[in-house]
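Chemist: Listed here are the chains, written in short residue letters.
Number of protein chains: 2
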Amino acid sequence: MTITTVGLDADDTLWHNETVFRLTQARFLDLLTDHDNAEIEARLAEIERRNLRLYGYGVKGFTLSMIETAMEMCGGDPPPGAIREILAAGREMLAHPVETLPGVDEALARLSERYRLVLVTKGDLLDQERKLAASGLGDLFAAVEIVSEKDQTTYERVFARHGTGPGEAVMAGNSMKSDVLPALEAGAFAVHIPYVVTWAHELADAPDGHARYGALDRIDALPDWIDARSDG
Amino acid sequence: MTITTVGLDADDTLWHNETVFRLTQARFLDLLTDHDNAEIEARLAEIERRNLRLYGYGVKGFTLSMIETAMEMCGGDPPPGAIREILAAGREMLAHPVETLPGVDEALARLSERYRLVLVTKGDLLDQERKLAASGLGDLFAAVEIVSEKDQTTYERVFARHGTGPGEAVMAGNSMKSDVLPALEAGAFAVHIPYVVTWAHELADAPDGHARYGALDRIDALPDWIDARSDG
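Residue numbers (the UniProt record's numbering), protein chains in the order written: chain G, 1 to 232; chain H, 1 to 232.
Because the hints were derived from the structure by calculation, they are not lab data. Treat the numbers as computed from the prediction; the structure is a model and nothing was measured. Just so you know, even glycine gets a beta-carbon here, dropped at the ideal spot from N, CA and C. Any given hint could turn out to be false.
To be verified - For the chain H half of the interface with chain G, some residues (derived, Cβ under 7 Å), not all of them: (1) GLY56; (2) ARG84; (3) LEU87; (4) GLU92; (5) MET93; (6) LEU126.
Let the sequences and hints guide you as you build the complete structure.
Modeler: Take a look at the structure:
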C-alpha cells in the first residue's frame, strides 16, 4: 500500500476556531437580555440551518444569521447597540489571531517530508487564506482547496487533482461528518482527531469497523499512523 | 504564437451582476428616507472600502456593509423594518436567477472547441458556484478558480496550474483593473469587454498601446480575436 497525499482540515484541526465562534455566541446571548439563553441558541441554530443553503459556511454568514436572530426575537426592535455589537463581533472574528493547536507544527513538518499535503477547508475564502497565512504553515502545503461543501465528490476531485487519487490518500480532521465519512466513501483513508467542542451541524457517528478508518486523540500521532500504512 | 488557454471573468462578463447590486442599492437608498441619496451612497462606498480587507468581495460582505451604513447614518436607530429589509435584499441577491449576457453561449461553445477555458472570479465561494451551475455553462470549463484577489501572481498561478503558462493564455473580462491590467503584467494577453456599468472599485485606465491588449464591444468577437493571434 502506498500513500502519497495527506489532506488536512483547517478549523479545529490545525488551529482553534469553534471556541472563537462559541465566545462570540456567548457575547451575542448577553445582548438579548430579555430572552432565555436556550431559546436564543435554538433560534440561532434554526436560522443558521435555514440560511446555510444561501450563505454557505463562515463568519460572514454567521454574523448575518445573528443579526436576523436578534431582529426576529425582538420583534424588529432589538436593544440599543445590539446590531452594532454583532457587526463588531463579526469583524473581530475575521481579525482574530490564529492559534495553532498543540503538536501541529511538528506533525506537519514531519508529514511534509514524505507526503504531499493538501489543505481542504470550508468557510469564507478570504478568511481561510488569512488564517493559513497567519498560521505560518502555508509553505508546508502543496495545495489549498477552499470548498463550499465536503462530500464524496469533493474528495475524489481534490485527491485526483493534487495527488494520485483517493486510494493513495489520507484525510484527517475533527469532523466525522465532513472530514471522515465522505473521505472514506471516496475510497481514501480517514483519521478522526476530535476537537474539544464540535459544531452541532458537524456531528455524526463513527464508522463501524472500517478498515481505512482511524481515531487519534492528537495530531502528534498522525505521522506514525500514516507511515505504518504506507510502504511508499 | 500559440494560445492554449482562455481565462474568463464571470460577473458582468458572462452574466449580469452589477445591475443586481445597483437595484439592491436603490432599494437600500429608499429605506433611509431621512437622508440624501448621494450622502448615503458616499458613506456606503466608504464603509465597503473599509471592510474589503476583512470581508473580501461578494454579496454577504455587501449586505453587512449596508447594515453598518444604516446603523451609522441613523445614529443606531434606523427606520422600523430597515434591517430586515436589508437582510431580505441580501438573501434575494443570493437566490437571484442568472441571466447570461448576449452572445455568451455561442462564444464559449466555439472557444471551448479549441482552447482550455478557465473561469477566474472573485466573490462568495458558494454564490459563484451556484451562478455557474445555474448558467448552464459549467461543462464548458476545464477549471474554475474562485479567488480572493485578482493580481499578477493570481494569473501566473492560474495559468501555470491549468494551462501552459500566462505566455500562451488570454484573459477576458469587464474589469480593466482586475481582469486586464494584472493579466498583462503576468505576461498573458488580455481583452477588455466592458459591461454597461462598472463598480467604482474596479475602474482603471486602459493600457497605452500594449501589444497583447485588445478591446471588444461584445464577447461575440472574442473567438476571432484569439484565433487571429494563435497558430496552435
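Chemist: A separate judgement is required for each hint: does it hold in the structure or not?
Modeler: These are the hints, each one checked on the structure:
1. GLY56: It holds, given that the least Cβ distance between GLY56/H and chain G is near 3 Å, below 7 Å.
2. ARG84: ARG84/H check passes; min Cβ-Cβ to chain G is 5 Å, inside 7 Å.
3. LEU87: 5 Å, holds
4. GLU92: 10 Å, violated
5. MET93: With a minimum Cβ separation of about 9 Å from chain G (threshold 7 Å), the hint on MET93/H is violated.
6. LEU126: 3 Å, holds
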